[in-house]
Amino acid sequence: MSPYWEEDEEADDGADSMVRPYTITAGRTAPERDDFTLITLLTTVSEPVDAYGAPARPGRLQPEHRMILGRCRTPAAVAEVAADLDLPVSVTKILLGDLVEQGLLTARAPLSVARASGGADRGLLAAVREGLRRL
Amino acid sequence: MTTTQAGAAAVKILIAGGFGVGKTTLVGAVSEVAPLRTEEYLTTASVGVDDLSGVDQKTTTTVALDFGRITVSPELVVYLFGTPGQERFWFMWNDLVNGALGGVVIADTRRLESSFASIDFFESRTIPFVVAINCFHGVNTRSDDEIRAALDLDPHVPMLVGDVRDRTFGRDVLLALVDHLMALPVG
Chain A
1 MSPYWEEDEE ADDGADSMVR PYTITAGRTA PERDDFTLIT LLTTVSEPVD
51 AYGAPARPGR LQPEHRMILG RCRTPAAVAE VAADLDLPVS VTKILLGDLV
101 EQGLLTARAP LSVARASGGA DRGLLAAVRE GLRRL
Chain B
1 MTTTQAGAAA VKILIAGGFG VGKTTLVGAV SEVAPLRTEE YLTTASVGVD
51 DLSGVDQKTT TTVALDFGRI TVSPELVVYL FGTPGQERFW FMWNDLVNGA
101 LGGVVIADTR RLESSFASID FFESRTIPFV VAINCFHGVN TRSDDEIRAA
151 LDLDPHVPML VGDVRDRTFG RDVLLALVDH LMALPVG
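Those protein sequences? They're chains A and B, same order as listed.
First residue of the first sequence: 1, per our numbering; consecutive thereafter.
First residue of the second sequence: 1, per our numbering; consecutive thereafter.
This is chain A alone, in the form it adopts within the complex (with noise of 0.2 Å):
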């Protein structure tokens, strides 16, 4: 017998949307770690281990959580995780934070462009030529 909450889920077709996004992060409203872009490029760590250099024994976790850790095993930008889970990418942040912070994902900010540090690097600039060329 499968369990009750299963049964709702394919009881409701639409549950995805009845369900309130904060719900899913357990009323969190704000990221722990405020420092995701749209573009922080997120990658699955393949075999996380703790503090101590054992394997991690991830906490609980909810479905989305999962999903995310499918996800990024090639990997994905925020933008590109909020879009596959279908939820705002403020609440999206929120479930990255926690598989960060327990050490099953890793983040890498974006490159620095900022006009203001000198603009973006003429290797950079040169690269993204190239790659743009071959379209």
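No wet-lab data here; the hints were simulated from the structure.
Some hints here could point you the wrong way.
What the hints assert, rightly or not - So the derived list for chain B, only partly shown, Cβ under 10 Å to chain A, looks like this:
hint : residue
1    : LEU36
2    : LEU76
3    : GLY99
4    : ALA100
5    : THR168
6    : ASP179
7    : MET182
Quick reminder that beta carbons are idealized off the backbone N, C-alpha and C, glycines included.
Assemble chain B onto chain A, guided by the hints.
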């Protein structure tokens, strides 16, 4: 398609312009995936003049944006974000505009005025941009000089005319932006 490696980094380019000028079409023409859509909650705070409680009135709006992706190398991904049609939303959305490599403003010759706000936005934020004139209909009755004058474009801002459904045109627009960025003085 190139596979992205762990440790890869990303940059973004903003695709702006008035409602219905072809932002998502251009993103779709050059993206390696069908344009994705994501949403964000934005909160605007406004103080009412007759608000005696001292509590700001806050309104939450959901804003959607479409984006695409070009993996230029295993280490580098370019994301293209079509900005929401109404500029008042992206003024509130710092994460969308901060750290952008540059922008593309798409304009339609039949209603150039719908793209004025996008040009103003990039100019005020000193985000380098190029202008893509979209001719869906294939007929462009105005000369480039007329369009430049109507848009009040600085002479150094590149402008290209074409069809945003065309992948080659989309690529050329993005290449023009990169060339423009490379030509800018450092600092």
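For this session: Double-check ASP179(B) for me: the hint is only fine if its C-beta lies closer than 10 Å to a C-beta in chain A.
Result: Status holds, d = 8 Å.
Exercise. Hey, does the LEU76(B) contact hint survive, CB to chain A under 10 Å?
Worked result: With a minimum Cβ separation of about 6 Å from chain A (threshold 10 Å), the hint on LEU76(B) holds.
Problem set entry | Interface hint status, ALA100(B) versus chain A (Cβ within 10 Å) | holds (7 Å)
Exercise. Can MET182(B) be said to touch chain A, with a Cβ gap under 10 Å?
Worked result: Since the shortest Cβ distance to chain A is 5 Å, the answer is holds.
Problem set entry | Status of the hint placing LEU36(B) at chain A (closest C-beta pair under 10 Å) | Cβ of LEU36(B) sits 4 Å from chain A, so the hint holds.
Exercise. Does the interface hint hold: is GLY99(B) within less than 10 Å of chain A, judged Cβ to Cβ?
Worked result: holds (6 Å)
Problem set entry | Minimum beta-carbon distance criterion (10 Å), THR168(B) to chain A | holds (8 Å)
In this structure, every one of the numbered hints holds.
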